[in-house]
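K.L.:
As a plain string of letters, each chain reads:
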Amino acid sequence: MHHATNVFKNRYIDSVSLMSLAAKVKKQEGIFEVVIAMATDMNKSIISQVGLSNAEVEQTSVNDLIIGVIAESEERIKEAFDHIEIQLSGGNKTTSSSGAEKIYTSIDDVLEDGLKPDVAIFSIPGQYVAREAMQALKEGMDVMIFSDNMSIDEEVKLKQYAYDHQRLVMGPDCGTAVLSGVSLCFANDVRRGDIGIVAASGTGSQEVMVQIDRLGGGITDAIGTGGRDLSLAVQGLMMREGLRRLSESEQTKVIVCVSKPPAKEVREMMIQTLKGITKPSVICFLGNKEMIEDDGHLHYASNLSEAAYKAVRLSPSFKGTLPAFEPLRLETQSSDNQHFVGLYCGGTLCYEALDQLSPLGVIKSNLNHDEHSIHDISGQYHTLLDLGEDEFTNGRPHPMIEPSLRNNWIIKAAQTPTTRVLLLDFVLGYGAHPQAVEESLEALKEAFKLAAHRRFDVVAYVCGTDKDKQGLHTSVSALEAIGIHVAKSNLEACKKVASLMKEGT
Amino acid sequence: MNALWADQQFQSSLSQGFYRVHSVYDHALNLYNNQAMITLVSKDKPKAPITCVCNLSSFSNYQLNVGMQVMSSPHTLSIGSLQVDLRNVHSDSLVDFIGCYPSLENIRLGLQSLVQWLDQHAHHEGALAVFSSPRDVFSTHVVHILKQYLQTQELHLLPSLIGCGIGQTPSGDDVLVGMLALAYSCNHLEFIKELKHCCEPVLYQTTLVSQMMLRQAFEGQFNQWHQELILSLSRPLEVKERAEICATLGHTSGTDFMVGVAVYGLSHKKENTSCIMRQTYLKTATSTPSV
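Listed in order, the protein sequences are those of chains A and B. Just so you know, we're using this note's numbering here: the first sequence kicks off at 37 and counts up by one. Just so you know, we're using this note's numbering here: the second sequence kicks off at 2 and counts up by one.
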């Protein structure tokens, strides 16, 4: 006879569900006994009496769930716990009507079961992704690669294969996509419509889809490409494949193309590709300093809000009226000894702020790759940090997943005596923390206390919609309740920062 | 979404410290800070101490997770996408049933009716299974303790019920709450005081949710359905109907509570309780193997 006891930390499941689970497991062949209980002292004592205690059980607290199994063999015990894991992962209630999920450990297993998925999402160590992704491509799937650390050679090889076979490789390091209305990884819950997005930037894509939604428009797809796609090496292979798909999509009437500045040669290639597509298109290459006039069906935007605005204006299904778009025109300001500090979760939002706020003086940022590169709050210059970059997330979750990681930075910014304005983004939606705003409120209250003796303002932008699970209204209200200026777009947040800096102390 | 009812204790507790989500069920949401636990329940659940009844059918659509922070103001409570408007909440007191039965004899028929109900529903997954067949190693222990208690009337046996059983309110705790409810309705304050003295040192050994429930019960605070069951004991025709309602309370908790009521009624030898009831209980209890 064999036995094993596992502990499930901080699990709360109602007693009928637990009894039902125990009964189901007990019916399995070769299972003699199943004991399930919260780890109270009395229950632990009884579990010990029936010989199912172990060192881990001894260390439990009353919030933990203990499950012990006695069976004829180790194999039966493993089967029992596999079943229990699946039942428990179904949510708090094992009586859920959703049915059991099956967990596959390889693409082969999926195919052997006769399934034909359309998309495979990879979030595994970068060195293993290329082989698995190629297998998925060869099986006819589109691929989304959340992982980074893939070599550029592997990326080119995968994307060339995908391009030749009219498949998508979204990534590596791609966190946002919406395909046929299905959101993958980080994305917002936005209205369906007739605008298709293809983007080489995650939060850039999110900002455009959110602003489209707020203006009354809707999207068909948002195809991610990964940040390196428009490099000379990759030649925009997936941007081109994305554009091909959107051009052939009956539902898509307007195309938006978003990226940080591509290599010049690649930019020309993209423009030529778009010229060959007859649908009205909006091109937003952030940070592009050249003023480009609209040309036929090609429209240019210098920031994400403008891209969304132009797309909605071009959308044939949009029947409302839009107020005139107000671009951000900032005057050069002397920063004296007062600075703004931007602490961003969203990389492209940070990049847009870096671009838009540059007239205010020298901005140090980890997004700079020159003498203005910095990885800390300067104190002597304006600072913009993308806290989602590798140097801040090594071994830790991305701040969109765990926003509390930014809290120490918020305190540090308030403690820096030259910080006049603190600029923050909060990204809502699928994949983001369920309380993206609330997790930082205590730190923000503390920041106001620390800076109570001087003029100190906080400007925030919440990138999300009313339909996002975190609740846009709730999030904005919580911030406004403690005296934070909440902007309606990242661009408007930049405007507010400039205005407050102009007011001075 | 509006709050329909909340007691004063809930409202005063809300302003004391920062709460986080402790546990999420379809029809209940427990919030706690380091000092207290408060509860939100759906509209089909009874009024209860330190609880707010909300005008919603289920919490399952709000994507609430353990550990989420609670934002509260005097008028609103927000957790993620869940917003509860407290402005028009009713906060009338729960029914006071303490001392409503000066003698157990007055409710003899009601207790008999309750025990019959327990006997007829032996298939139910609640604690009445304790009286027919052991549902698990924990119920076997509960039966063993109750059997000893009925034979000896030794109060010091009862604390070993605490924390015994599966779920967030283990069976042993629910049985104790049932005993306390009937004891309060009979105004047996000496029994309550002694039981509290025995149990208080070991209350920490049960789950946080159950600790709160027992502490309230020791102070004479019980939920609406429990109170209505106790009051219905003097009206035997109603007691089965009440028992049906209580059986749905936290699934097993309601029936465990009723077992506690029955055991307390049976255990008071000074009162002239029915021989039939005693025989019914002993027959089933002794047929259950002990630990």
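Hints are computed from structural coordinates only; laboratory data are not their basis. Check the hints yourself; a few may be wrong.
As the list claims (entries may be wrong) - Below, in silico cross-link-like pairs of lysine-lysine (BS3-like), each with a Cα-Cα straight-line distance of 30 Å or less:
hint, chain 1, residue 1, chain 2, residue 2
1, A, 62, B, 148
2, A, 503, B, 46
3, A, 505, B, 46
4, A, 448, A, 503
5, A, 448, A, 289
6, A, 174, A, 152
7, B, 44, A, 503
8, A, 296, A, 481
9, A, 505, A, 538
10, A, 60, B, 194
11, A, 531, A, 481
12, B, 44, A, 505
13, A, 355, A, 289
14, A, 296, A, 531
15, A, 114, A, 174
16, A, 315, A, 300
17, A, 355, A, 300
18, A, 296, A, 503
19, B, 148, B, 194
20, B, 44, B, 148
21, B, 194, A, 45
As the list claims (entries may be wrong) - Which residues of chain B face chain A? A few of them, derived with a C-beta cut under 7 Å, are:
hint, residue
22, 70
23, 72
24, 79
25, 142
26, 164
27, 165
28, 204
29, 208
30, 246
Backbone N, C-alpha and C fix where the C-beta goes; we use that ideal spot for every residue, glycine too.
K.L.:
Does each hint fit the structure? Answer for all of them.
P.N.:
Hints, one by one, checked against the model:
no.	hint	verdict
1	A:62 with B:148	holds (28 Å)
2	A:503 with B:46	holds (28 Å)
3	A:505 with B:46	holds (25 Å)
4	A:448 with A:503	violated (33 Å)
5	A:448 with A:289	violated (47 Å)
6	A:174 with A:152	holds (12 Å)
7	B:44 with A:503	holds (24 Å)
8	A:296 with A:481	violated (34 Å)
9	A:505 with A:538	violated (36 Å)
10	A:60 with B:194	violated (42 Å)
11	A:531 with A:481	holds (23 Å)
12	B:44 with A:505	holds (23 Å)
13	A:355 with A:289	holds (14 Å)
14	A:296 with A:531	holds (21 Å)
15	A:114 with A:174	violated (34 Å)
16	A:315 with A:300	holds (23 Å)
17	A:355 with A:300	violated (37 Å)
18	A:296 with A:503	holds (28 Å)
19	B:148 with B:194	holds (22 Å)
20	B:44 with B:148	violated (38 Å)
21	B:194 with A:45	violated (35 Å)
22	70	holds (4 Å)
23	72	holds (6 Å)
24	79	holds (5 Å)
25	142	holds (6 Å)
26	164	holds (3 Å)
27	165	holds (4 Å)
28	204	violated (11 Å)
29	208	holds (5 Å)
30	246	violated (16 Å)
Hint compliance for this structure: hints 4, 5, 8, 9, 10, 15, 17, 20, 21, 28 and 30 are not met, and every other hint is.
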